[in-house]
Structure formats: C-alpha cells, structure tokens
Amino acid sequence: MHLQNSDSSEQDHLTVPARMESLDALQAFAASQARQAGAPAAIMPKIELVLEELMVNVFHYAYPEGTPGDVTLACVCLDGSLVFSIRDQGQAFNPLDIDTADTSLDIDDRRVGGLGIYLVREMVDSLTYERVSQTNSLTFSFRIAA
Amino acid sequence: MDFRQNKQDGAVILNVSGRMDAVTAPEFEKECTAIIDDGGSKICVEMGGVEYISSAGLRSVLLVGKKLKAQGGGLAFFGLSGMVSEVFKMSGFSSIFPVGDTLDDAFAKLG
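Top to bottom, those sequences are chains A and B. Going letter by letter, the first sequence gives residues 1 to 146 in this note's numbering. Going letter by letter, the second sequence gives residues 1 to 111 in this note's numbering.
No lab work stands behind these hints: they were computed from the structure. Heads up, some of the hints might be wrong.
These stretches of chain B come out as covered by chain A in the derived footprint (C-beta under 8 angstroms, 3 or more residues) [said to hold, decoys possible]:
#, stretch
1, 16-26
2, 59-69
3, 82-94
Backbone N, C-alpha and C define an ideal beta-carbon position, used for all residues, glycine too.
Full structure from sequences and hints, please.
What follows is the structure in structure tokens.
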C-alpha cells in the first residue's frame, strides 16, 4: 500500500465506471489537466484521440459486455511531459499485442481493425503496459515542452 | 453529428459536421447506407465541419468506401482541416480515398 503523496508530484485522478458513457468525463478531465499544464492547443485533439482509443479497449476487452468495473485515469506533468496512466482491474489486456493496421494497403485489402492502436503509437511519445496485482496499467506520455 | 445532402451530376454531396468518434460514427454509416440503398453510388463528403475523428470514424469511412466500390462507385472527401486532415494522412486514408481541397477538386478525383 502506498500512502497518498502530498508533494507536488501528486497525481490528480478520476475514477469512473468502465463504460462508453464515461468517455466524455474522461476526455474532459484529460483536457483540463493538459490545459493546466500549459499544453499547446494543437496537442489537445491528439490527447483526446489516444484516450478514446485506449479507453474503448478497456471497455471492450478488460470488461467484456456486462462486466461491471471501474477505470482510473491519472495525470501528472513531469519534466516537460504530460504523463497519463490508465488502471483497471478487469481481464488482462495488453493493447500493444494488437496487430497494427498496414497503412500501405489499398481499399480492397484494408482490414477494418488495428487502426486505433496504430494512431495511438504514432501520437504518443511513450507507451508501456504492465499487469501488476490483477491490475492493467497503461502509462503514456506527450512531450509538451520544447 | 449533423448531415446535409445535395445532389449534383449523379453524386450526392454530403455535408457532415460534428465529431466522428466511437459513439457517433455509426450515424455516418447509417446516413451513407441510406444513400446507397436509395441507388446512390458516388458520395462526396464535405468534412469542413468535422473537428475530430478517431479510429471508430475511420472504420465507418472504410466500410462505406468498400460498399460504394462494390457498387462501381466511390467515396471522396474535401475540406479536411486540423487533426482530421492529420489522421487521414497518418492512417493512409488520404491515399486510399480521393481527397480534394474543394468540392470541384474532390469531384474531379472521384471520376
């Protein structure tokens, strides 16, 4: 058990039910954290997209249809980067295991899946997954300072 | 998501505004499927009013594109801006779909 930090590195976090109806609140929380940290406007839709892609995975795979559970989004600004973490206690699911879409194929050969994780990888500066004590933990960052 | 339709030279010009995300993307699919069921095979989508698109939006675009191609028609886009333009480029959608700056441009590319 960790005691809550009280220094400046304390993470703000939001815990909500892991379902689609929570997406707006999660994106609003992330946007407000990013604004407070002075993130440039151009990065906001990228943060929003990455959150949507990763959260939709949690809703679908960590908590398959009808499984109740929560998801926690936390954010901290460290060394010029906005670092987010997503934690849930659902089934083990590592989005980095998903095959990314082959973006060089033409329309006939294009598969419908794999685009989300491809876009995530293109937009974040780092992305790691850990499964620790029955918890899926995803950490990703965006560089916001030059 | 809001839609407005116009017909021009055998194609449907579909003006879309709003967000194309995991919640709203099926609305785009439904709108286009209705056009296809109505006999339309060429759709030109005005994207100027779309400020956000995620993979769920791209998935709907791809499904509609495949359907139209199977009908011997096609799907083209114009007026993309900001992150929507960036996501189209990043995902390769700017290469698999005709994308123009203006309606005339997109129309010409649609053939």
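Evaluation of the provided hints:
Requiring three or more residues with a Cβ within less than 8 angstroms of a Cβ of chain A, the coverage given for the stretch 16-26 of chain B holds, as 3 such residues are present. Here's how the stretch 59-69 of chain B fares: 6 of its residues keep a CB closer than 8 angstroms to some CB of chain A, so the rule of at least three is met and the hint holds. Closer than 8 angstroms: that is the beta-carbon criterion, and the stretch 82-94 of chain B has 6 residues meeting it against chain A, so the requirement of 3 holds.
In this structure, none of the earlier numbered hints is contradicted; all agree with it.
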